[in-house]
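Engineer: What follows is each chain in one-letter form.
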Amino acid sequence: MTTTATLGSTLRSGFQRWQFWLLLLVLGVLAVALVRSVSDEDLDRFGLGNTSLDGYAALSEVLEDREVQIHPAPSAEIARELLTEHPGAPLVVLSTGDVPDDAFVEGLRARGDRPVVLLSEGSELLSALHPEGPELYAGAHPGGGSGSALEAGAQCPLDAAVNAATVQAPGALFYSDEPGCFTGFSDDAGDAQMLIETDAGVFFGAPAAFTNQNITDAGHAALALWLFGAEDDLIWYTPMGLDTLDDQQWASPMDFLPDWVTPLAWWLLLCVLVMMLVLGRRPGPVVGEPLPVQVPAAETAEGRGRMYQSANAVTASAQTLRSAHLIRLARLLRLGAAPREASIIDAAARQVRRDPAQLGALLARQPRRNSDLVAYAQALAQLEDEVQRAALSHHPSGRHTNGQQDTGRGSGPRNEQDPTHLNHQQGKNTSND
Amino acid sequence: MVLTRRFLYLALVLSAAVVVFPAPATLLGCALLLVLLAALDMVLAGSPRSVRVERVPTTDVRLGQPTTASTTVHHHGSRRLRGQVKDGWQPSAGARQQVSPIQLGPGSSSRIETARIETALRPTRRGDLHSEHLSLRSIGPLGLAGRQVTHRVRHTLRVLPPFHSRRHLPSKLQRLRELDGATAVQIRGAGHEFDSLRDYVRGDDVRSIDWRATARRQSSQGQHLVVRTWRPERDRRVILALDSSRTSAVRIEDEPRLDSGMEAALLLGALAAGAGDRVDYFSFDRGVSSQARSGMRGDLLHQMAEAMSTVEPRLVEADFSQLPGQIRMISSQRSLLVVLTSLDSGSLEEGLLPVLPALSQRHLVVLAAVRDPELDRRARARETTGEVYRAAAAERALIEKEALRRQLASLGVEVVEATPHQLPPQLADTYIRLKASGRL
Numbered sequence: 016m017t018t019t020a021t022l023g024s025t026l027r028s029g030f031q032r033w034q035f036w037l038l039l040l041v042l043g044v045l046a047v048a049l050v051r052s053v054s055d056e057d058l059d060r061f062g063l064g065n066t067s068l069d070g071y072a073a074l075s076e077v078l079e080d081r082e083v084q085i086h087p088a089p090s091a092e093i094a095r096e097l098l099t100e101h102p103g104a105p106l107v108v109l110s111t112g113d114v115p116d117d118a119f120v121e122g123l124r125a126r127g128d129r130p131v132v133l134l135s136e137g138s139e140l141l142s143a144l145h146p147e148g149p150e151l152y153a154g155a156h157p158g159g160g161s162g163s164a165l166e167a168g169a170q171c172p173l174d175a176a177v178n179a180a181t182v183q184a185p186g187a188l189f190y191s192d193e194p195g196c197f198t199g200f201s202d203d204a205g206d207a208q209m210l211i212e213t214d215a216g217v218f219f220g221a222p223a224a225f226t227n228q229n230i231t232d233a234g235h236a237a238l239a240l241w242l243f244g245a246e247d248d249l250i251w252y253t254p255m256g257l258d259t260l261d262d263q264q265w266a267s268p269m270d271f272l273p274d275w276v277t278p279l280a281w282w283l284l285l286c287v288l289v290m291m292l293v294l295g296r297r298p299g300p301v302v303g304e305p306l307p308v309q310v311p312a313a314e315t316a317e318g319r320g321r322m323y324q325s326a327n328a329v330t331a332s333a334q335t336l337r338s339a340h341l342i343r344l345a346r347l348l349r350l351g352a353a354p355r356e357a358s359i360i361d362a363a364a365r366q367v368r369r370d371p372a373q374l375g376a377l378l379a380r381q382p383r384r385n386s387d388l389v390a391y392a393q394a395l396a397q398l399e400d401e402v403q404r405a406a407l408s409h410h411p412s413g414r415h416t417n418g419q420q421d422t423g424r425g426s427g428p429r430n431e432q433d434p435t436h437l438n439h440q441q442g443k444n445t446s447n448d
Numbered sequence: 126m127v128l129t130r131r132f133l134y135l136a137l138v139l140s141a142a143v144v145v146f147p148a149p150a151t152l153l154g155c156a157l158l159l160v161l162l163a164a165l166d167m168v169l170a171g172s173p174r175s176v177r178v179e180r181v182p183t184t185d186v187r188l189g190q191p192t193t194a195s196t197t198v199h200h201h202g203s204r205r206l207r208g209q210v211k212d213g214w215q216p217s218a219g220a221r222q223q224v225s226p227i228q229l230g231p232g233s234s235s236r237i238e239t240a241r242i243e244t245a246l247r248p249t250r251r252g253d254l255h256s257e258h259l260s261l262r263s264i265g266p267l268g269l270a271g272r273q274v275t276h277r278v279r280h281t282l283r284v285l286p287p288f289h290s291r292r293h294l295p296s297k298l299q300r301l302r303e304l305d306g307a308t309a310v311q312i313r314g315a316g317h318e319f320d321s322l323r324d325y326v327r328g329d330d331v332r333s334i335d336w337r338a339t340a341r342r343q344s345s346q347g348q349h350l351v352v353r354t355w356r357p358e359r360d361r362r363v364i365l366a367l368d369s370s371r372t373s374a375v376r377i378e379d380e381p382r383l384d385s386g387m388e389a390a391l392l393l394g395a396l397a398a399g400a401g402d403r404v405d406y407f408s409f410d411r412g413v414s415s416q417a418r419s420g421m422r423g424d425l426l427h428q429m430a431e432a433m434s435t436v437e438p439r440l441v442e443a444d445f446s447q448l449p450g451q452i453r454m455i456s457s458q459r460s461l462l463v464v465l466t467s468l469d470s471g472s473l474e475e476g477l478l479p480v481l482p483a484l485s486q487r488h489l490v491v492l493a494a495v496r497d498p499e500l501d502r503r504a505r506a507r508e509t510t511g512e513v514y515r516a517a518a519a520e521r522a523l524i525e526k527e528a529l530r531r532q533l534a535s536l537g538v539e540v541v542e543a544t545p546h547q548l549p550p551q552l553a554d555t556y557i558r559l560k561a562s563g564r565l
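So the sequences go chain by chain: A and B. Taking this note's numbering, the leading residue of the first sequence gets 16, the next gets one more, and so forth. Taking this note's numbering, the leading residue of the second sequence gets 126, the next gets one more, and so forth.
What the hints contain is simulated information worked out from the structure, not anything from laboratory work. Watch out, some of these pointers could steer you wrong.
[As the list claims (entries may be wrong)] Covered stretches of chain A, as calculated for chain B (at least 3 residues, CB under 8 Å):
| # | stretch |
| --- | --- |
| 1 | 280-286 |
| 2 | 293-302 |
| 3 | 324-338 |
| 4 | 386-397 |
[What the hints assert, rightly or not] Rough simulated footprint, nothing fancy, chain A against chain B, three-plus residues with beta-carbon under 8 Å:
| # | stretch |
| --- | --- |
| 5 | 451-465 |
| 6 | 521-534 |
Owing to the predicted nature of the structure, the values given are computational and were not obtained by experimental measurement. Think of the CB as a built atom: it goes at the ideal place given N, C-alpha and C, for glycine as much as any other residue.
Bound-form chain A, shown alone (with noise of 0.2 Å):
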């Protein structure tokens, strides 16, 4: 028992003592696990590293299975040094809104053999690459269903379409004027197909066909691996809104900057942080105060107050402050310990000279309404102090006068005095009889 206990507690004092260390060793796994989670995400639609249904990460994964280095291109800056990097490498430009700029698009256009494809299931890459020409999108097509599979065609000039034989994947259509793949319908423009062959490179309308999703499907796969599988390197840019703007149109500020700013902003959040450590150690642990009970007054009477309010009650409340003021009246007249109200209201009638049927008018009143409890209440305090304000000059040393006239009127009042008064005037009683 004893021994539990002394563990029992060695275990605790020494939480105690490693408590800081091992709030800080909890908190790095935590920060380094949220980093590695936060930095391991990929939910890019077509992203790389993507697992979910509209990923490419299956496709990566095949690919560098088959040796195939994929290098991604996130701006055109890192593409162009990749370019240059590896001579040959083919070079995959994917375009999910964002188009790359001008000059990127001349380099296409003077790649020499360098394979091209190019991927996207709207017409703004097509646009970029043919600003002047006509318009050369056809209309998208959609997806699933048995009846959307496309055929390569007997004019397909590219072996990987041919290979590849279907495609059946939502995606864009396009005229050319050069056989393509895959002719989604024909009309007065042309052969609408989703694969065509530009002076930048291979077209291809439907990257959803290469997706976790849907690279099973028809020859998707094929199609992969003919596009994509050719050579040990990749390149593969993926243009952002931002890298359309070349380093001649846009510098960063940091470039005008000294090399040093970079370092000490790094080491003042370091300092930051040892300013934390050292204002944040307290002197002692937190000490607490046992609060007593305490309970406001009057609470009561407050609660039973706005009770009376909102149920209206004016015929309960105008009976309350009666008997009150008749209870205040009878000792304020000195009228023993249980007048009748007649003898009340005939009383305060003659120390206030009134007539006492108004009086008991007065008194009698019931009120119906907010208002009239307001004015009756108003009415029963004037009264109360007219009768005092009387009872004072009729005794002008006032009520702590003892007294002669009091002693003929019963015995009364004398209870109702405070204590003070009475110990005086009982002392004088006793010494005078």
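Position chain B relative to chain A; hints supplied.
Structural biologist: Only chain B this time, still in chain A's reference frame:
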């Protein structure tokens, strides 16, 4: 682990190095330097564990009076100990300076260095106040970092009720002395002690003239009437019963009902003890929560104050049924029983009224209660509809109180009801009056 401001300033100074050599290596180097210095300083600091904390017992203090609490720190570590201590007094102890510097030389097994820490206190609450721990922070020789340990050694300060009504005591005692000899007490009956003879002065009751003594004192100068004087009985019993149940938690004006009751009980206790009566005090809710009696060793006033100091209102209904038994245990003879409670119809009708007949048959019962001036103020406000309804509610409460007073008076109970500041002197006056009229 503790880092000091000096450590922060050093880190800020090192930012100059970062500016001069702007490279990641500099950052790393500076950080490493800081960590090394802090670690070194922490290791070199005297161990805050190698001390023994001894609390010096405090003396009781009245609420509102300043005092000092002392703690002795015995150091037996081999390294110099320099830093700060913080005494963990609860806020209501009113510690003026909680953190104080400390410096202790190296001690050894044979030689122990000792330092005394004084904390000035001005308590703002009655009762037992505690400091549960003493935190010791030891800073290294470089003044950059250190170690901190909290020693859990309890320190206690007992704060007694303030007894503000003490200022009434001289005048009331004077009144008692006047009763004692100067005035003749006229009510004849058993138990009035003969005190002395003195010359007749005008106003004395002629019935108190002692004719034998007058005859003995006849001289040539003329007539000397001699009167007997009586003094009030001594060695009566006064029992003060303080209600510490839920009704005593009510705050009236700026103090709880319980504290007003304590003030009244202290004044009456001091007065009665001064008049030579025997005073017993106890507070009760479900049972007796504190107790003091004048038969015990030492000053009654101090004993009462000490017994009261730790009484706090409890949110339970008072058990008045135990009152007769408790009083029988204290005294079998007729006594003055003062019950300090509230004129609250609910708790009194259920609890006190059933036992009152038995009590008032054997003893003289006085019921002292605090009157809430707020009720009178509310009853007088009649401007708006809301005020009138509140006035009606207040009047209703006053009527109930009045009815209760009458009921108590019919049972032969004296009722003293006054505002918090008026209650102690009025209760004392009631006692003097009862004593003067020989009703004790």
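Engineer: Which of the listed hints are broken here?
Structural biologist: 5
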